[in-house]
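J.: Fit chain B to the known structure of chain A by using the hints.
Given next are the chains, with one letter for each unit.
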Amino acid sequence: MKGIYGIPKKRFGGGIFDTPGNALFSLILLALLVHWGMGVWDWTITRGTWQAETAEQCARNGGFCWAFLRDRWRLILFGPYPFQEQWRPALALVVCLALLSASVSTWIWGKALGPRLLLFCWILGVPLMALLMIGGMLGIPRVPIRLWGGLPLTVMLASVGVSLAFLLAIALALGRVSKMPVLRWMATGYIEFFRGVPLIALLFLAAILFPYFVPPGWSMDTLLRAQLAFALFFAAYMAEAMRGGLQSISPGQYDAAQALGLSWWQTQRRIILPQALRKVIPSLVNIFIAAFKDTSLVVVISMLDLLGAANASTAEAKWWGLYIEPYLFIALIYLIFCSAMSAYSRGLERRLGIGER
Amino acid sequence: MSIRSLAIAASAFLGLMVGPTFAQNASIAPQLDTIRERGTFRCGVYENVPGLSALDAQGRRVGLDVDYCHAMAAAILGDPTKVEFRTMSLAQGIPALRSGEVDMVALALTYTIQRDTELNLDFVGPTLYSGHAFMVHRRTGATRLADLNGATICVVAGGITDSLIADYFRARNMTFRPLAVENTTQMYALYEEGRCDVVTSEVPFLGMRRSRLRQPDQHLILDEIFAKSHMGPIVRDDDRRYAHVARWVHYALVNAEEMGITRANIDQLVRESRDPAIRRFLGLEGDIGRNMGLPNDFTQAIIRAVGNYGEIFERHYGQQSVIKLPRGLNALAGQGGLQWSPTWR
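Going down the list, the sequences are from chains A and B.
Positions 1 to 357 (the working numbering) are the ones given, in order, by the first sequence.
Positions 1001 to 1345 (the working numbering) are the ones given, in order, by the second sequence.
Bear in mind the hints are in silico, worked out from the structure with no lab data behind them.
Warning: the hint list may mix true and false statements.
Once the Cα atoms are required to be at most 20 Å apart in a straight line, the calculated EDC-like pairs of lysine to aspartate or glutamate come out as [as the list claims (entries may be wrong)]:
1) B/Lys1324 to A/Glu56
2) B/Lys1082 to A/Glu56
3) B/Lys1082 to A/Asp221
Simulated restraints on C-beta separations [as the list claims (entries may be wrong)]:
4) B/Thr1034 to A/Glu56: 42 to 48 Å
5) A/Gly39 to B/Gln1186: 55 to 61 Å
6) A/Pro274 to B/Thr1034: 55 to 61 Å
7) A/Gly136 to B/Asp1116: 41 to 47 Å
8) B/Glu1182 to A/Leu332: 20 to 26 Å
9) A/Gly39 to B/Arg1038: 53 to 59 Å
10) A/Glu56 to B/Gln1058: 21 to 27 Å
11) A/Glu56 to B/Met1174: 32 to 38 Å
12) A/Leu167 to B/Gln1319: 55 to 61 Å
13) A/Ser342 to B/Arg1172: 54 to 60 Å
14) B/Gln1335 to A/Met38: 36 to 42 Å
15) B/Glu1182 to A/Leu167: 35 to 41 Å
Beta carbons are placed, not taken as given, at the ideal position from N, Cα and C, and that holds for glycine.
Isolated chain A, as found in the complex (with noise of 0.2 Å):
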């Protein structure tokens, strides 16, 4: 490859410092770099406070106050799940973030018996992971939902409101392409309906109205209506993005596999979703990312998951008035979550070859 003056392109120093110009702008930028780097030292480390009752010592030094993390650090991660019992939200966070990485490896998917064992992982993950979170069998103590909270909480009603939405979203999709009129108006209405409502007010619909709606007597777990909630919002969106992906397929395809003889399910499975969702990664990828950062969002319906965890964790007098230290470290753990994400859609596009064909 060559670069734009015609100057061949390393793996490194390419754009770096092959001008004048570009060595001084690479220059000032590292410049800068080294004293926000010092600067960040100096308040972390240095003025950093490791020992502390109150945030009173912290504010003296006028640095970071890991003292506080140090000693909250649970409280943020776990919400007010028992202090005793925190080793089964822990444990089952594990196993979903083990289950969901499997998942999604092409690894996996590629070998003969990859997709029947996620299936069988699967079937035993997520029984264990309830009773782990749940409790009240084999001699685990019972713990109501509203406890659950912090980090758990924000990958579950991430993992699976997004997880149902796909599934949901594919069915939206193809019935908005639909040549059935009744079912293109049904999926059309859906998806405005749900794209024209603010996820909020969705939230508030599900915990506070929807008791309205349903026969006296008939009672669903709040924190399950909001999971609900969120899959049918983001299936909205989701739907938008496939559809795309399908109007992007060129008609020579449908007919191409009506040639062969295939039927409209086959064509679907084996031609048309593979490539229109190939397609639309990037955009997928940008909609799990904002529904895993929308489910701060519980905070509506009392339910405390990261964010919420958060700023609970500065509530009581001792640590009252410190907010960067909280903020910072559940901005770390969505950075960590976001960018794994992204990281791995990018990883999937190279392997598939977007934008090459």
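T.: Okay, now just chain B, sitting in the frame of chain A:
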């Protein structure tokens, strides 16, 4: 955060809208029976307010308001842990109570005539007496309230503080510019940046926050207290029997302190006390509890759960807390404060 305030406003609106239907349903069965059937006491508390209701390092909800919820559960259900906390804001509290979503709202609401007579609520306590003061930047040169004419004051939207300040200033022909903020974190952050000259809050909290500013000596807390607050939990007043229970749970806490009954010595007193007043109070004689529709020894359950009023105060505001607030008006009436209990007979 504006989404959050929208949410709160929306829920308050919805709560008001759906309130009456619920209230009619709920008033059919006596509240005490409803709670016993459910097996848990539903209590509305703040999500994050130091001293009143907050999560500790182990994720347990602690605070003065929280202890009143535990005391109610101990009195009615015999088990202080059977509380279902519903966290809510000031604006959500009254609609939630009227709709029957919670059995009590412990949001340290100020006792006002409107809340008592128009909204049909019954106040418990006051469980906490306090007052508001102002903190100013020293650069403003203000040393008295009278110097604050024309100042910019940060106030948390939705409370009654802004109307109290407005009244105070109007009465003295003074003006101020309010800067409405979402919560106290934002309020102190804006104040420290100098976006407003003045903040106002309950006295102990002002002192605590000043010590946590970057340069505490650049800020002055004015001596004058400009508004008194007398706060307590509230219950609906459509079930007299239940409202009595709520009120007398508070008196039990105060009376226990008057009689010197603590979490530490209650077992001994139950075994050994010959004082008829103490024996009557603890349900060992007479039938005070039974006549209220409670177990006769409900006061014992309360004190074993949370201690007496003084113990609760010291734990969350006093010497055992980091707030270190003196008892002041919250001391017993005999000791210069305003807390007292009617006679238990």
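J.: Hint by hint, note whether the structure agrees.
T.: Results for each hint:
1. Under the criterion of a C-alpha separation no larger than 20 Å, the hint pairing B/Lys1324 with A/Glu56 is consistent with the structure, at around 14 Å.
2. At most 20 Å may separate the alpha-carbon atoms for a hinted pair to count; B/Lys1082 and A/Glu56 exceed this at roughly 35 Å.
3. With a C-alpha separation of about 19 Å, the suggested pair B/Lys1082 and A/Asp221 falls inside the 20 Å cut-off, and the hint holds.
4. The hinted range of 42 to 48 Å is satisfied by B/Thr1034 and A/Glu56, whose Cβ atoms lie roughly 45 Å apart.
5. For A/Gly39 paired with B/Gln1186, a C-beta distance near 25 Å fails the hint of 55 to 61 Å.
6. For the pair A/Pro274 and B/Thr1034, the beta carbons lie near 57 Å from each other, so the given range of 55 to 61 Å is met.
7. Checked against the hint of 41 to 47 Å, the pair A/Gly136 and B/Asp1116 passes, with Cβ atoms roughly 43 Å apart.
8. Judged by the Cβ atoms, the range 20 to 26 Å given for B/Glu1182 and A/Leu332 holds: they are separated by roughly 24 Å.
9. At about 55 Å, the beta-carbon gap between A/Gly39 and B/Arg1038 stays in the expected band of 53 to 59 Å.
10. Evaluation of the 21 to 27 Å hint for A/Glu56 and B/Gln1058 yields a pass: the beta carbon distance comes to about 22 Å.
11. In this structure the hint that A/Glu56 and B/Met1174 lie 32 to 38 Å apart at CB holds, the actual value being about 33 Å.
12. Separation of A/Leu167 from B/Gln1319 is about 58 Å and conforms to the stated range, judged on CB atoms against 55 to 61 Å.
13. Taking 54 to 60 Å as the suggested C-beta distance range, the pair A/Ser342 and B/Arg1172 conforms, at roughly 59 Å.
14. Range check, B/Gln1335 to A/Met38: about 57 Å between beta-carbon atoms, so the 36 to 42 Å window is missed.
15. Between B/Glu1182 and A/Leu167 the CB atoms are about 38 Å apart, so this pair conforms to the stated range of 35 to 41 Å.
Violated hints for the displayed structure, listed by number in ascending order: 2, 5, 14.
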